[in-house]
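Visitor: Residue numbers (this note's numbering), protein chains in the order written: chain A, 1 to 111; chain B, 1 to 116.
In case anyone wonders, no lab produced these hints; they're calculated from the structure. Any given hint might turn out to be false.
To be verified - Residues from chain B shown here face chain A by an in silico Cβ test under 7 Å; the list is partial:
# : residue
1 : Pro-43
2 : Phe-74
3 : Asp-103
4 : Gly-110
Unchecked claim - Facing chain A, a subset of chain B residues (Cβ under 8 Å, in silico):
#  : residue
5  : Asn-30
6  : Arg-31
7  : Gln-41
8  : Gly-42
9  : Tyr-48
10 : Glu-52
11 : Leu-91
12 : Ser-95
13 : Gln-105
14 : Tyr-106
All figures in this text were calculated on a predicted structure; none of them were measured in a lab. Beta carbons are placed, not taken as given, at the ideal position from N, Cα and C, and that holds for glycine.
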Amino acid sequence: GQQLNQSPQSMFIQEGEDVSMNCTSSSIFNTWLWYKQDPGEGPVLLIALYKAGELTSNGRLTAQFGITRKDSFLNISASIPSDVGIYFCAGPRFSWGKLQFGAGTQVVVTP
Amino acid sequence: DTGVSQDPRHKITKRGQNVTFRCDPISEHNRLYWYRQTLGQGPEFLTYFQNEAQLEKSRLLSDRFSAERPKGSFSTLEIQRTEQGDSAMYLCASSPTRDRATDTQYFGPGTRLTVL
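From just these sequences and the hints, can you work out the full model?
Guide: Structural data, given as structure tokens:
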């Protein structure tokens, strides 16, 4: 089962608004990964975080690795229709990289 | 630049039939993973290869499932005597083995299996 708590479960926003979502865990992670998945497709890597406190941007996306190493945040600024999809956080549980995923945040953008 | 590829993209089969999926990882990536994803859930780990060696298998991988990576390049996942509960998206991912990038997995487009 899922051991990463991702919230919110879904978001309905208007085009141009900013979006924030987060992921928390009871365990420490050394890496946080954020993916976006469109229907019928595989997850696409958006941002990888490797160090506590790290803040990384990818275009309109910004993600942060929490100081406690038990949480991470993803922000999308000035949302556009193509931001629609499900966003997953993930972290490796063991040294060989088995990923645990959150349940996802579904983002719906209305014009 | 070729990413992870999977074939077929969709497979419809009847219960009891065998199916085989193929994954071609990013060429320089030594690690290859298989995950399964059902509707409304995140991907769940199935198995992991380091080069040609299968080093870890999930309890989800029953004895009807077998995976191979014979030459450390492409991998196949076979499901024997399929059941309706096997219907899911099967995802393959690969990662390099260098520094912190080892944890960074890149996914293929998936194979959607429907068992009738």
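Visitor: Please go over all the hints and tell whether each is borne out by the structure.
Guide: A quick look at each hint next to the structure:
1. Pro-43: holds, 6 Å
2. Phe-74: With a minimum Cβ separation of about 16 Å from chain A (threshold 7 Å), the hint on Phe-74 of chain B is violated.
3. Asp-103: With Cβ-Cβ at 4 Å, under 7 Å, it holds.
4. Gly-110: Status holds, d = 5 Å.
5. Asn-30: The hint is violated - Asn-30 of chain B has no Cβ within 8 Å of chain A, the shortest such distance being about 11 Å.
6. Arg-31: Holds: closest Cβ of chain A sits about 6 Å from Arg-31 of chain B, inside 8 Å.
7. Gln-41: With a minimum Cβ separation of about 7 Å from chain A (threshold 8 Å), the hint on Gln-41 of chain B holds.
8. Gly-42: Holds - the Cβ of Gly-42 of chain B comes within 8 Å of chain A, reaching about 3 Å at its closest.
9. Tyr-48: holds, 6 Å
10. Glu-52: For Glu-52 of chain B, the interface hint is violated, since the closest Cβ of chain A sits about 15 Å away, which is over 8 Å.
11. Leu-91: This hint holds: Leu-91 of chain B lies near chain A, its Cβ roughly 5 Å from the closest one there, short of 8 Å.
12. Ser-95: holds, 6 Å
13. Gln-105: holds, 6 Å
14. Tyr-106: holds, 6 Å
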